[in-house]
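Visitor: Below, each chain spelled out in residue letters.
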Amino acid sequence: MILAELQRDFSSWLLHASDETAGRIGVAGDPGLAVYQNNYRAQLVGCLEESFPQLRAWMGHDAFLYAAVTHIDRHPPHAWTLDAYADNFGRTLADLFPRNPDIHELAWIEWALTAAFVARDAEPVAAAELATLDWDATRLRFTPSLQTRRATSNAADIWRAMREGKERPEGEMLAEACGLIVWRRGFVSCLHAVDMLEHEALGQMQANGSFSALCEMLVERLGESEGIARAGSMLAGWIGSELITGVDNGPHQHALHN
Amino acid sequence: MPPLTLPPPFPGYGLGLRRDHYRDFLETRVPVDFVEVISENYMIDGGQPLHILRRVRERHPVALHGVSMSIGSADGLKPEYLQRLKTLVDDIEPLFVSDHLCWTRIDGFNSHDLLPLPYTEEALDIVCDNIDKAQNVLGRAMLFENPSSYLAFDGSMSEWEFLAAMTRRTGCGLLLDVNNVYVSASNHGFDARAYLRGIPAERVRQIHLAGHSQGRDLLIDTHDSPVVDDVWDLYAAAIALTGPVATMIERDDHIPPLAELLRELDIARRFGMKEAA
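Chains as they are written, first to last, in my numbering: chain A, 9 to 266; chain B, 4 to 280.
Derived from the structure by calculation, the hints contain no laboratory data.
C-beta atoms are modelled at their ideal positions from N, C-alpha and C, and glycine is treated no differently.
There may be inaccurate statements among the hints.
[Said to hold, decoys possible] Derived list of chain A stretches under chain B, where covered just means 3 residues or more per stretch with a C-beta under 8 Å from a C-beta of chain B:
1. 18-30
2. 42-52
[Claimed, not checked] On the chain A side, residues computed to face chain B include the following (Cβ under 10 Å):
3. 11
4. 33
5. 93
From just these sequences and the hints, can you work out the full model?
Guide: Below, the structure is given as structure tokens:
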């Protein structure tokens, strides 16, 4: 048998375990086939369990296993690294549990924290480096590890309680949606909840980096005085949290960092 | 391109660096001559794992051991994978760079398992072509590990004949996994000592030792238990042929305290001293 055909048939057997494919491989009935089938599936289930420990505890073993097996059947792995297999588990969870934002958001939190843990390194910009900038021409860059999403459940509180070994709260919807941000500070992945205005502001800053445009947006929403004050407090918070890792100035795009 | 030279033998004893033992390796002087890491765990953009590996590298030589190159893929190697591995190799300057004689991927599907190859002339051509490409990108000779396998395809040569031809044609070296020889010999009914005599002993640069489990029908290479006596005996036979080469214990599951693994590594040392005497 030609090697490429053998490898395609073997892959097909791992995915579908049909007797016809086993026959084409020429080893039908060989006990070794079952070992490879088990290795393939056990490794993927193990990857998902290791990537989402709190989600698994929250959902319960059987519900998590059901989701994992469904995901494995729907989305065979493609990336060279097994770590990437956790990337789109959230899609399967959203399909299986469309009315459970706590599940979607817990999955996102765990995935984002893991991704941040191995994201590209970038040194934070110190407040002193921003003191003399021409803000009209300045573009701020945020740490490559930063990820944000809108949240409607108390998943962040659930995650924190479980991580700290405390009694976990009941799952519930938030009175108002919030933003979740995940990033890495030094070597530590962090999770923080922000109001929707800051979530929107971070999205705009990640897209264009313009602090003066952000000020305009906040002035439009909150009025001159409160808008400028809020922009200043957000900037101070981002600097203090080490979210800003680069500054581009004017047409020459001089980078302080990153 | 001129033929790549195999790194010289490194007669030492090492362990796989696992997360459970990071603190031991960073805060104490662990009595090993080298450590081995899974390459893919460090082919990442940044963060603490790479930082730790660089700090460990300041104290110990590091061998990079891969599981995803898929040297037997009929549709070739992935350039992105090779470039990421090259970046890590340039960063760490490892003692050895190794992967497995197997395939894991075809047409974009990646099984993340070390799947067996048929030992045919066609497969040999494909494997050698892929090894040439990988070694050219990395600029150095690699080592390839004999796999443990649970089924065997019809072929025109034995696994040891395949390995011998592969090293002759590509200049690569071998990572001899003694436990894998034992497991495959049991599963397929060949003579493990004939296997050792059949491979080119002078191309072996590293030896793996590990534990296995008894499955329902077959031995399974689980790396979750101590090395068994029969494998130690086979190790003694192996080093009688290879001479002193880098030897290490692989433990990937049920990882015990470091002291326990160091005691197991001392057994390997004693076999080595006995052979040298």
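Visitor: Evaluate each hint against the coordinates.
Guide: Hint by hint, here is what the structure shows:
Note: the segment 18-30 of chain A has 4 residues with beta-carbon separation from chain B under 8 Å; the three-residue rule is met and the coverage holds. Proximity of the segment 42-52 of chain A to chain B, defined as three or more residues with a beta carbon under 8 Å from a beta carbon of that chain, is established by the 6 residues found. With 10 Å as the threshold, the beta carbon of residue 11/A comes within range of chain B, its nearest partner Cβ sitting at about 4 Å, so the hint holds. At about 8 Å, the closest approach between the beta carbon of residue 33/A and any beta carbon in chain B falls short of 10 Å, and the interface hint on this residue holds.
A hinted interface residue such as residue 93/A counts as satisfied when its beta carbon comes closer than 10 Å to some beta carbon of chain B; here the least separation is about 8 Å, so the hint holds.
When the structure is compared with the earlier hints, no violation turns up for any of them.
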